[in-house]
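Enquirer: Next come the chains, spelled out residue by residue.
Number of protein chains: 2
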Amino acid sequence: MEKVNIAEKLKKFSDHWNPRIVGELNEQQVKLAKLKGEFVWHSHKEEDEMFLIIKGKLKIEFRDKTVVLNENEFFIVPRGVEHKPIAEEEVHVMLFEPASTKHTGEESYKMTNNNQEFL
Amino acid sequence: MEKVNIAEKLKKFSDHWNPRIVGELNEQQVKLAKLKGEFVWHSHKEEDEMFLIIKGKLKIEFRDKTVVLNENEFFIVPRGVEHKPIAEEEVHVMLFEPASTKHTGEESYKMTNNNQEFL
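Protein chains in written order, with this note's numbering: chain A, 5 to 123; chain B, 5 to 123.
Honestly, the hints are just simulated from the structure, not real lab data.
Note that the structure is a prediction, hence the values are computed from the model and not measured.
You can trust all of the hints, since none of them are fake.
A pair holds if it fits inside one copy or across any two, identical chains being indistinguishable in the list.
In the DSBU-like style, the derived pairs of lysine-lysine whose C-alpha atoms are separated by at most 35 angstroms in a straight line are: (1) K88 <-> K69; (2) K114 <-> K69; (3) K114 <-> K13; (4) K7 <-> K69; (5) K40 <-> K88; (6) K49 <-> K114; (7) K49 <-> K63; (8) K63 <-> K114; (9) K61 <-> K114; (10) K106 <-> K40; (11) K40 <-> K69; (12) K13 <-> K59; (13) K61 <-> K49; (14) K49 <-> K69; (15) K49 <-> K88; (16) K114 <-> K40; (17) K88 <-> K63; (18) K114 <-> K59; (19) K114 <-> K15; (20) K114 <-> K16; (21) K88 <-> K114; (22) K88 <-> K16.
Let's have the full structure, built from the sequences with the hints guiding it.
Expert: This is the structure we're talking about:
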């Protein structure tokens, strides 16, 4: 039962595409991540995933369209939908997703981290 | 699959203590609310509830302490824990909670709204 200050948590790490867990509720996790560059195409079989933009501009490519998210905008990627986040400049994002969510879906890559750290 | 702009959604209503649903994922709902004045003491039997402050300063009283939340801070109230939000000035807040969450818990009051509107 402690409050979380988003800016203070973001100061504690600088690597990209490596979300930190900052809260848990109802089998869901709240995460913060810094993104820069291109992620991989992936989907989450059973998990919807929410991206809330804290800073910067995030592009999310889907197979049939591209969505551009600015600060204080959010997007919910439904389970099973392939997506590829792209950050031309650094983006700070808050994620909401089930604790069961695999970082890059069923595939593994060099950047894949399924043991994300609590911050 | 549409993005949501928080500021645009907030422009669409002005009443207090009446959350609007702006997203759904994994049986959870994302809500926006404007708060001013004192809410009632209540708890949610089976639901953890997250308050993320978009604007203003929210005080949440618990039976044993008081937490003050500023912009870009969040707090997760665990299920079963009695709490009473107080907003001395208007506060804009984003809520994350299961779709099953009852507005004022098991008790009903004049302000209770268990048929919250999608915005």
